[in-house]
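Peer 1: Using the sequences provided together with the hints, build the complete structure.
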Amino acid sequence: MTHRVVDFELPSGDEEGMHTTPERGLHHNNGSQRSMNSAPPAPPDQHRRTSLVVTHALPEISLADFGTICKGTAYRQIRRGRKQSILSRRGWGNYDPSSRNIRVGSTFTDSSATEETGLINKSLSVDSDVIPEEEGTAWEGLVEMFTENKINYLFVFIPVAVWSHANRWSDGSIFILNFLAMVPLASMLGVFTEELAAHTNDVIGGLINATFGNAVELVVAIQALLAGDYRVVQASLIGSVFSNLLLVLGMCFLFGGMKYAEQEFIAQGAVASISLLAFSGVALLLPEFFGGEGDDSKDDTATISRLAALLLIIMYGLLLWFQLKTHVNLFQGDDDTLALIPFSWALTGLVVITAIVTILSEFLVGSIDGFCTEFNLGRSFVGLIILPVVGNAVEHISAVSVAMKDKMDLALGVALGSSVQIALFVLPLTVVIGWFTGREMTMKFPQFEVALYLMSVIIVSMCLSNARSNWLEGSLLVSLYALIAVGIYFEKDLE
Numbered sequence: 059m060t061h062r063v064v065d066f067e068l069p070s071g072d073e074e075g076m077h078t079t080p081e082r083g084l085h086h087n088n089g090s091q092r093s094m095n096s097a098p099p100a101p102p103d104q105h106r107r108t109s110l111v112v113t114h115a116l117p118e119i120s121l122a123d124f125g126t127i128c129k130g131t132a133y134r135q136i137r138r139g140r141k142q143s144i145l146s147r148r149g150w151g152n153y154d155p156s157s158r159n160i161r162v163g164s165t166f167t168d169s170s171a172t173e174e175t176g177l178i179n180k181s182l183s184v185d186s187d188v189i190p191e192e193e194g195t196a197w198e199g200l201v202e203m204f205t206e207n208k209i210n211y212l213f214v215f216i217p218v219a220v221w222s223h224a225n226r227w228s229d230g231s232i233f234i235l236n237f238l239a240m241v242p243l244a245s246m247l248g249v250f251t252e253e254l255a256a257h258t259n260d261v262i263g264g265l266i267n268a269t270f271g272n273a274v275e276l277v278v279a280i281q282a283l284l285a286g287d288y289r290v291v292q293a294s295l296i297g298s299v300f301s302n303l304l305l306v307l308g309m310c311f312l313f314g315g316m317k318y319a320e321q322e323f324i325a326q327g328a329v330a331s332i333s334l335l336a337f338s339g340v341a342l343l344l345p346e347f348f349g350g351e352g353d354d355s356k357d358d359t360a361t362i363s364r365l366a367a368l369l370l371i372i373m374y375g376l377l378l379w380f381q382l383k384t385h386v387n388l389f390q391g392d393d394d395t396l397a398l399i400p401f402s403w404a405l406t407g408l409v410v411i412t413a414i415v416t417i418l419s420e421f422l423v424g425s426i427d428g429f430c431t432e433f434n435l436g437r438s439f440v441g442l443i444i445l446p447v448v449g450n451a452v453e454h455i456s457a458v459s460v461a462m463k464d465k466m467d468l469a470l471g472v473a474l475g476s477s478v479q480i481a482l483f484v485l486p487l488t489v490v491i492g493w494f495t496g497r498e499m500t501m502k503f504p505q506f507e508v509a510l511y512l513m514s515v516i517i518v519s520m521c522l523s524n525a526r527s528n529w530l531e532g533s534l535l536v537s538l539y540a541l542i543a544v545g546i547y548f549e550k551d552l553e
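In the working numbering, the protein residues as written are 59 to 553.
None of these hints come from the bench; they were simulated from the model.
Result set (DSS-like, lysine-lysine): computed pairs, CA atoms no more than 30 Å apart in a straight line: (1) K463 x K208; (2) K463 x K317; (3) K317 x K208.
Fair warning: this is a prediction, and the values are worked out from it, not measured in the lab.
Peer 2: Shown next, in the form of structure tokens:
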């Protein structure tokens with residue numbers, strides 16, 4: 059119960075005949091049945107402000123009242139639905155990955171058959187009178203993780219990609235093969251991250267998702283940074299933001315709008331994400347405006363960039379504190395988080411996949427120059443348009459899939475949450491890493507890229523302002539992304 063003070067304009071002398079109770083509200087002691095609204099107005103000089111305490115129940119705030127600005131929360135709900143679909147399809151009930159056994163019965167009862175994620179979200183229970191017919195193992199759960207997504211068939215390119223580098227094939231071939239090999243690796247990196255988080259509490263799980271949520275983009279950026287290719291670092295990171303903010307969100311609106319005339323979502327979380335992206339846009343402006351133009355401008359630009367990067371990381375830390383500590387009730391999902399494999403398996407898989415991504419990303423970055431020469435492409439185009447596909451392809455598909463199931467809040471959580479994570483964490487982190495490794499990595503981007511970034515944020519904010527989406531807004535965002543791609547394609551003529 060919450061007490062709220064409400065101000066009423068009452069005639070002089072009437073308030074002593076009134077009192078309040080939680081059950082019945084306002085009553086007159088004199089027994090009069092006249093309504094206060096129907097009473098004749100008193101002269102203005104007899105009016106005064108009187109505060110009455112009205113007791114009533116206010117609705118509790120839930121996740122549905124705020125939406126989601128956390129990519130990890132949205133992705134976890136999507137993964138939960140898929141894992142429950144696996145359990146339902148395979149007939150696995152009472153699954154305990156820590157024991158590495160899956161008890162399977164012949165009769166199952168579906169309960170809580172809701173569709174919160176737009177996928178299958180059912181809790182399976184085995185009839186206690188039924189003797190289990192067979193036992194599955196966590197190994198079968200691991201196999202399901204690798205075979206549930208057809209894009210994982212691209213794993214066959216991993217040995218070919220390593221072979222191409224070892225035998226010094228052309229840079230174009232090395233780039234393409236390593237590019238194709240890293241797409242399923244990025245997918246499984248997200249899967250193992252969620253599996254590891256499923257064994258922990260909300261805080262630790264949130265930190266794990268925050269750290270490894272965009273690990274592929276971070277690894278590729280660090281490899282390019284260590285190679286001294288700062289332009290590829292900048293282009294790949296701002297390109298990831300463009301990809302999520304315009305292409306992914308636009309396709310969610312477009313394909314969702316083809317199935318539903320209009321889709322609603324909660325605007326509060328979306329507005330918070332856009333505000334954070336605008337904040338990062340201001341940080342990108344500082345080195346250009348205040349870095350100077352003389353011989354010493356490089357030192358000023360580096361200093362401003364490093365300070366701005368620290369502020370962005372602090373802001374990201376405050377966002378995590380908001381999500382995981384002070385307002386955790388706004389972002390809590392279901393408590394029945396499932397895990398298909400044991401904790402040690404998830405940790406081992408995460409380490410192994412990250413190691414393979416690190417190796418292949420080194421091959422990929424080393425072949426960019428040759429690839430650009432062979433196919434007559436600008437390095438900015440490769441960084442802004444092509445490289446973001448590596449880390450975001452599977453997430454793009456997931457976001458569009460849930461949008462077509464009228465779960466636009468989850469789609470926004472993936473698209474906007476990933477953009478915020480890159481802009482406020484991955485990008486400034488590369489500047490800090492460059493600082494400590496002696497690389498002059500700055501946040502001074504080409505002016506037109508910063509302008510396009512801010513214009514994109516403004517246009518997306520307009521599309522989100524009414525908390526509704528349709529296919530026309532989706533086509534607008536996709537077309538805007540295509541326009542940017544056309545402009546970046548011809549940037550090589552300016553070099």
